[in-house]
Amino acid sequence: MASIELRNVRKSFGMVDVIKGVDLEVRKGEFMVFVGPSGCGKSTLLRLISGLEDITSGDMLFDGKLVNALAPSKRGIAMVFQSYALYPHMTVYENMAFGLTLEKGHAKEEIRQRVEKAADMLQIRQYLDRLPKQLSGGQRQRVAIGRAITRDPKVFLFDEPLSNLDAALRVATRIEIAKLHEEMNQVTMIYVTHDQVEAMTLADRICVLRDGLVEQVGTPMELYERPDSIFVAGFIGSPKMNFIAGDKAEKYGCATLGIRGEHMDIKNDGLWEGTVIHTENLGADSYVYLDMGQEEPVVVRLDGAVTYQSGTVLKVSPQDERIHRFDAAGKPIR
Amino acid sequence: MTTETLASSTRVAAPKVKSELMQQRIRAARLFLIPMLVALAVVAGWPLLRSIYFSFTDASLSNLEAAQWVGFGNYLRWTVMESGAVRYRGLLVDPAWWNAVWNTVRFAFISVAFEAVLGMVVALVLNAEFKGRGIVRAAILIPWAIPTIVSARMWSWMLNDQFGILNDLGMRLGLLSQKVAWTATADTAMTAVLIVDIWKTTPFMALLILAGLQMIPKDIYEAAEIDGVHPVKQFFKITLPLVRPALMVAIIFRLLDALRIFDLIYVLTPNSSATKTMSVMARENLFDFDKFAYGSAMSTMLFTIIAVLTIVYIWLGQVRFDGGDR
Amino acid sequence: MTLNKMLVAMLTSVTLVAGAAQAAELSIVSGDTGNGLEFLRGQLDKFEASTGHKVTIVPMPSSTTDQFGQYKLWLAAGNTDIDVYQTDVIWAPQLADQFLDLTDAAKDVVGQHFPSIIESQTVNGKLVALPAFTDAPALYYRKDLLEKYGKSVPKTWTELTATAKEVMDAERAAGNAEMWGFVFQGNAYEGLTCDALEWVKSYGGGQIVEADGSISINNPQAAKAIDLAASWIGTISPQGNLAYMEEESRGVWQLGNAVFHRNWPYAYSLGNGADSPIAGKFDVAPLPAGEGPDARSAATLGGWNVAVSKYSPDPEAAIQLALYLSSAEVQKERALNQSNLPTIQSLYDDADIAAKQPIIPSWKEIFQNAVPRPSAPTQVKYNEVSSLFWSAVHATLSGNGTAAQNLEGLEADLTDLKGSAW
Amino acid sequence: MGATFNLWKLIKWTLFYILVTFIVVVSVFPFYYAILTSFKSGTALFQINYWPTSFSLDNYFNVLNSGSFPRNLLNSIFVASVTVILALFLAITASFALARVRFRGRGLLLLTILGVSMFPQMAVLAGLFEVIRALGIYNTPWALIFSYTIFTLPFTVWVLTTFMRDLPVEIEEAAIVDGATPWVIITRVFMPLMWPALVTTGLLAFIGAWNEFLFALTFTANNDTRTVPVAIALLSGSTQYEIPWGNIMAASVIVTVPLVILVLIFQRKIVSGLTAGGVKG
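Residue numbers (the working numbering), protein chains in the order written: chain A, 4 to 337; chain H, 404 to 729; chain S, 29 to 450; chain Y, 36 to 316.
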């Protein structure tokens, strides 16, 4: 239950600047996702917020109060790590209770109740006496989340919590986290991932980071529909947005023309012509890869199962209202 | 990302305010290091400095306070004789000392080389799955667990020319044509010392190598097996390169030990010039002869030589002790 | 006898008075062994009973090198925990600075001891230690074998060489393949200095460094003596003799595998032990003489002494203890129990000793031929001198150069070491 | 085909077991011979036997009844145990600082510590003696415990530092978020994870302290404060030059057996301790 404000926050490791001046506000109770390619500084930013890492310059405020130097345990945060980071020698119960036992003024009974309550929320009550090594990966991650819940934090930090899980578990746990957010709607959550699907499905707002700078902040739909840069446009959405340069772009008065695969139609009088390289048939929809003389093949998304023979020449047209135009600097022309 | 530490860098652009966490950690680190550093300074640093200091004086053990500064006199001094010839004296031109240096270095390299090879063999055996491995593993550790002073005496007993069991065994098996006085003659004294040292420390080497071997993932061998790589080739192409880091570290620890060798030789062949090492000679001068300063100079040189050899080894072998900078 | 008794009585009465004054706690270090320690304890009990002082024994390793290094370090650091040291005969000059001068305390008793021994413990007019017992080696020979082959006890080293060879060959031919002619202490250590000094001296080759400090070792007689010894190795003495110390040589001897053996008195009673194969089959004689102008039989002087640390918190009591341990009373007990040779001349005529330890009076002859090692003239450098000497001899015995060559090198080394003065 | 294959396999196994037997025999034989000797006495000592010919525990009774040997055994146990506890305590805290906190001069510090482990004992003996006298702990077990840190501490610090460096960072961060201080992290989070390393280094330090001779001889001046290796060196025959091989071998067996048992108990841990941390290249 806290708002977080970052003012021109910078972080460098030795000679390397990792965060190069970030201004950001995370609202109370909001689910904020940091997303970006590896090395963009998203994990570092999360660790700066947690207090595990010192900020080199700038200010960080929790509820308007400066916390630059405050120890992590005093910030009212809880953190879930990619590798779960459970204490291997403690039982699930001890793992979850550890933080509370270290804080003064919690009676044993109170601790027990809080642990059990958290365990119930995550349906891990039957595992309380087990050691982490006796649990599966998904169970371990739930214990890690349970440990965070037990602390009753104001801010919940997730550092790529799903990347060690297999695909099916990832989806299930993702839903679990979404549910958690609904139940604990007073708690601010910050979630780091490199997977834009997680970002799109979980976030109230997404913060796209690139090279230590904030590229764009907004709701998933804002980012999808009105990307502030060619980078965001390419990062958000699957399949990736097609970028078309050259003559075809010039006709639309821009350096680069962006169009998503789902916003293109195959028509006999299509504007552009391309040769089918490959078709991916997913059942519900199909991706057709076309060679249009661009650097990368252009992907067209079609509903239903459609198959084209490789080498077939197709004509396609972009839906004009869905076109994104970018100048030479990669900024949108609106 | 996960390998980045908590600690912030202090080299460039230190934060205006150190965070509580960092302060706490730095404070704790200081608190944790001080007792150890104090202990090491008192127990090692100060005595070593004294030794170095005495090596530049004419100190005598019976009267340390009266020690007079003589500069490098113990290391090298010269007198110009009436004939005009210059006569050099001191440790750096003392043939007995260089003989001891040569003995030590020779001993260290030969013993460590044998220990590395034999240790590798033993480690490979122990790394194999077979019945009774636990017992074998415990058995090979016995030589290492026996106090040096005891094993030295045990071996001097076994190496005895008349009632030593080794000569008896050698004769019975037809390996020796006559009883050998192992520790007596210059030719065999070094061999005897080497045998005992190799016997005693190979287990330690084997253990360190075994630890390295066990870190090699099994599937690498399975893959090699499927590719039909010959076992000998497997050893040279897979095992050796992968175990190399562990081996290098094991070798350096042993080398440091071997260069300081004292007790074994002191008990087995204390006065034989064929086996006299730097440590033994330093002791002789420090305590037996009235040459405390000269002995201190030897100790200092011994320390210097070990340090130089270690640095050269680390540099040549590119041994990385701290697993990179973190 | 009566004089001794009177003295003991006097001493005891004096000590009783002192003991009544204040009881001190004393420590004595001793590198002595088993029976020796037991004996010492017994004597100390008597001392405690008569003086009221309490004495603890701090045993030390029996290796004299270990003891010496340790004592030197302790004394250098002004160790107050040890009051009385048992010292080897050669240590006096090297440790003199840290021991109390006993001249005054012992002025009434010094006259009883052999003057040569008192002299060996006197450094620059300071009496550093009081003798407890003395030691001198002898030639052990197998009287049964000599009788069997009709040989007499050799009087010279050449004779010994010949006899040893003959008996050894004959015994080997008779099936005793392990038989050797002569075993001695040939390892490179202080013991070899003793053995070699005997050879050199018996050939009239001096005593390495003479009393006036001149280096005498490089002479033809000395070379001759050592060359002869070198010829033994591999012929009448096993190759392994080069690594023998007292015990190893005794091992060979006591298994009945040697005709002759050079050792200290201790080997006598052990050789006659219950399970000894040679019990009753051997006897002792003075070591053979050399050949040449000053040829004589020579035995290296050994023996132990007691000295008082100048850091002792209670020097008076400590001196009292030292006096007691060197007294005729204790020396007699020592002779009776330990067959240690007394340093008090009159005890050699003592009837009890003659009855119980018949070899002791006969050892007087050996002892009178005793040669001191050059520890007095070489002062603090004795250990190094000895080390250089035994190295040179060991090299010769091992076949690395002739005696003449090695002694020439030794002379140069010793001259270097001596510098302007010892 | 099958037959030749089996034959080849049989030969391989036979050769392998011959090698194993050879290794075991070479390792154990001297110790076996020591035990054999410890049952002999008198002139029998000088006769060579490969199998037990006599069985007499006299030497053991002699040793255990000789003055202060049992006392020395207790001293050794005390000195070695306290040395281990102290070294582990100092090393575990120090290695936390060295492995987990980045500060200026850390690399230099690590090298210095390695440097200390290459000090020749001879070079520091005299100086150490002065220090011990100055501290007033001469001739007490503390003198030994104190001086043994010179070889136990650098080694333990090194091994524990490498080991601790390999512990997952996230576990420590989780503890920090949970509000654990460095001390709590060490004692309640890291120590339970480091048992193999602690056992290994502890055992190595124990063996080092147990077997040490030079310092033990120099820094004690009393039968009641001495340790076993010194006591063995002090075992003496009834006369000056007589070496009591039987007693020495009996004492050696007594001294070595506890270590062999320790090694037997912990041998699995020793290897895994070294695997996990000791020798990361």
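These are computed hints drawn from the structure, not numbers from a lab.
Check the hints yourself; a few may be wrong.
[Said to hold, decoys possible] Chain Y side only, calculated, beta carbon under 10 Å to chain H, not exhaustive:
1) 99
2) 103
3) 117
4) 120
5) 126
6) 218
7) 227
8) 287
[What the hints assert, rightly or not] Reference excerpt, derived from the structure (chain Y facing chain H, CB under 8 Å, subset only):
9) 45
10) 50
11) 58
12) 131
13) 136
14) 140
15) 143
16) 152
17) 159
18) 166
19) 182
20) 214
21) 216
22) 219
23) 243
24) 268
[To be verified] Here are the simulated distance ranges between beta carbons:
25) 112(Y) - 471(H): 41 to 49 Å
26) 239(S) - 502(H): 28 to 36 Å
27) 153(S) - 516(H): 35 to 43 Å
28) 508(H) - 301(S): 54 to 62 Å
29) 54(Y) - 178(S): 56 to 64 Å
30) 429(S) - 50(Y): 46 to 54 Å
31) 625(H) - 54(Y): 56 to 64 Å
32) 137(A) - 720(H): 48 to 56 Å
33) 43(Y) - 579(H): 54 to 62 Å
Treat the numbers as computed from the prediction; the structure is a model and nothing was measured.
For glycine and all other residues, C-beta sits at the position ideal for the given N, C-alpha and C.
We went through each hint and held it up to the structure:
| no. | hint | result |
| --- | --- | --- |
| 1 | 99 | violated, 17 Å |
| 2 | 103 | violated, 18 Å |
| 3 | 117 | violated, 14 Å |
| 4 | 120 | violated, 14 Å |
| 5 | 126 | holds, 7 Å |
| 6 | 218 | holds, 7 Å |
| 7 | 227 | violated, 19 Å |
| 8 | 287 | holds, 4 Å |
| 9 | 45 | violated, 14 Å |
| 10 | 50 | violated, 11 Å |
| 11 | 58 | holds, 6 Å |
| 12 | 131 | holds, 6 Å |
| 13 | 136 | holds, 4 Å |
| 14 | 140 | violated, 10 Å |
| 15 | 143 | violated, 12 Å |
| 16 | 152 | holds, 7 Å |
| 17 | 159 | holds, 4 Å |
| 18 | 166 | holds, 6 Å |
| 19 | 182 | holds, 6 Å |
| 20 | 214 | violated, 11 Å |
| 21 | 216 | holds, 7 Å |
| 22 | 219 | violated, 10 Å |
| 23 | 243 | violated, 10 Å |
| 24 | 268 | holds, 6 Å |
| 25 | 112(Y) - 471(H): 41 to 49 Å | holds, 46 Å |
| 26 | 239(S) - 502(H): 28 to 36 Å | holds, 33 Å |
| 27 | 153(S) - 516(H): 35 to 43 Å | violated, 58 Å |
| 28 | 508(H) - 301(S): 54 to 62 Å | violated, 47 Å |
| 29 | 54(Y) - 178(S): 56 to 64 Å | holds, 59 Å |
| 30 | 429(S) - 50(Y): 46 to 54 Å | holds, 49 Å |
| 31 | 625(H) - 54(Y): 56 to 64 Å | violated, 24 Å |
| 32 | 137(A) - 720(H): 48 to 56 Å | violated, 43 Å |
| 33 | 43(Y) - 579(H): 54 to 62 Å | violated, 36 Å |
When each numbered hint is compared with the structure, violations occur for hints 1, 2, 3, 4, 7, 9, 10, 14, 15, 20, 22, 23, 27, 28, 31, 32 and 33.
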